[in-house]
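Same order as they appear, the protein sequences are chains A and B.
The first sequence begins at 1233 in my numbering and counts up by one.
The second sequence begins at 8 in my numbering and counts up by one.
The hints are simulated quantities; they were obtained by calculation from the structure and are not laboratory data.
Among these hints, one or two may not hold up.
Said to hold, decoys possible - Anything over 12 angstroms on all C-beta distances counts as not near chain B; from chain A, calculated: (1) THR1248; (2) GLU1278; (3) GLY1311; (4) ASP1314; (5) SER1381; (6) ARG1385.
What the hints assert, rightly or not - FRET-style restraints, in silico, Cβ to Cβ: (7) B:GLU48 <-> A:PHE1270: 32 to 42 angstroms; (8) A:SER1387 <-> B:MET100: 23 to 33 angstroms; (9) B:ASP24 <-> A:GLU1306: 52 to 62 angstroms; (10) B:LYS96 <-> A:GLY1349: 18 to 28 angstroms.
Please read these numbers as outputs of a predicted model, since none were measured by experiment.
Quick reminder that beta carbons are idealized off the backbone N, C-alpha and C, glycines included.
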Amino acid sequence: MKLYLVQHAEAVSKDTHPKRPLSEKGLSDAGKMAAFLFEAGVQVDEIVHSGKTRAEETANVLSKTVWQGKAAIEIEGLGSNDSTDHLLHSAQIAGGDLMAVGHLPFMAKMVARCLTGVEDGVAVDFEPGTIVCLQRLDGDASKGGWALSWMQRPSMLQSV
Amino acid sequence: MRLLLVRHGKAEFGPEDVDRHLSPRGRGDVEAVAEHLKAQEITVARVVHSTLSRARETAEILAASLAPGAQLEELQGIEPWGNVKAFAKLAQMWGEDTIVCGHEPFMGEAVSYLMTGNAHAGLAEVKTGTIMALARNPYGAGWQMRWMLTPRIVRGPKREED
């Protein structure tokens, strides 16, 4: 079972728009990531997001290539400062591959907790639009129970 | 300074302790990763490999695309049984972006040690042909992962024959 942890793509400032939708660059970056996932043959069984416009928009762009364009589902517990308990529990019992789109510092804490068991156990360098793919390890939950499978960021996809 | 840790591509069938060569599939995997990175204009100054053929051949393919003109350097101590702590000490002193081609379990232990201080944290699933890019953590002592790619993710399922 795979868990895809995604930081929303770049959004406009609060002054430009109070709901902070994706910027032009953010939309383009999310599109590049969706194309990368398509080329890689990634498909998921569910996409969830935090409910913030920038997370929902990112999730729906990615859904076009990995979840038949279905509308991503808003869930509780993906806020930038929420506890990682809820998502971790959902991922531990999930029967299929799950993609979650949210915010920093939540996503960085979630990666660290999955890999090491503690939220500050390790640092991965997120930029807006980054996707971290984790693989659930069956049996050994002592070190967090998950391992890094791959990680990709929009700035690594300059030419498409 | 970037450290790009690579596990050699799939090797020919044979006993673990023999100095095996890359298989045609392993060669194709590493070429696909090299082409993908070249298209993103990734370049490095140095390419280092272990004393074993499959790591040297992997380094040759990557160097041709990503480090034109660089001399390959053989490094002792990054074989499957190498000392991860000694390697980490060495890498701390490097100033240029460097590709390091080696083996499992060494590379998985190296990435775990560099990122957490514990070689046995089991952080990453390092399949053949995997490349992991690390940079020094700007807020702490260790290293941070920037990206990690595998032949599977770069080539896609259609071109994979398992």
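Do the hints match the structure? See the list:
Residue placement check: THR1248 (chain A) keeps its beta carbon more than 12 angstroms from all beta carbons of chain B (closest about 28 angstroms). Here GLU1278 (chain A) stays apart from chain B, with its beta-carbon at least about 20 angstroms from theirs, past the 12 angstroms limit. The beta carbon of GLY1311 (chain A) is kept farther than 12 angstroms from every beta carbon of chain B, the shortest such distance being approximately 23 angstroms. Consistency note on ASP1314 (chain A): stated as away from chain B, and its beta-carbon is indeed over 12 angstroms from all of that chain's, at 22 angstroms minimum.
For SER1381 (chain A), the condition that its CB be more than 12 angstroms from all CB atoms of chain B is violated, with the nearest at approximately 5 angstroms. For ARG1385 (chain A), the requirement that its beta carbon stay farther than 12 angstroms from each beta carbon of chain B is not met, with the minimum near 6 angstroms. Roughly 22 angstroms separates the CB atoms of GLU48 (chain B) and PHE1270 (chain A), a value that falls outside the hinted 32 to 42 angstroms. For the pair SER1387 (chain A) and MET100 (chain B), the beta carbons lie near 27 angstroms from each other, so the given range of 23 to 33 angstroms is met.
Under the hint 52 to 62 angstroms, the C-beta atoms of ASP24 (chain B) and GLU1306 (chain A), about 54 angstroms apart, fit the expected range. Hint check: LYS96 (chain B) to GLY1349 (chain A), Cβ distance near 27 angstroms, so the stated range 18 to 28 angstroms holds.
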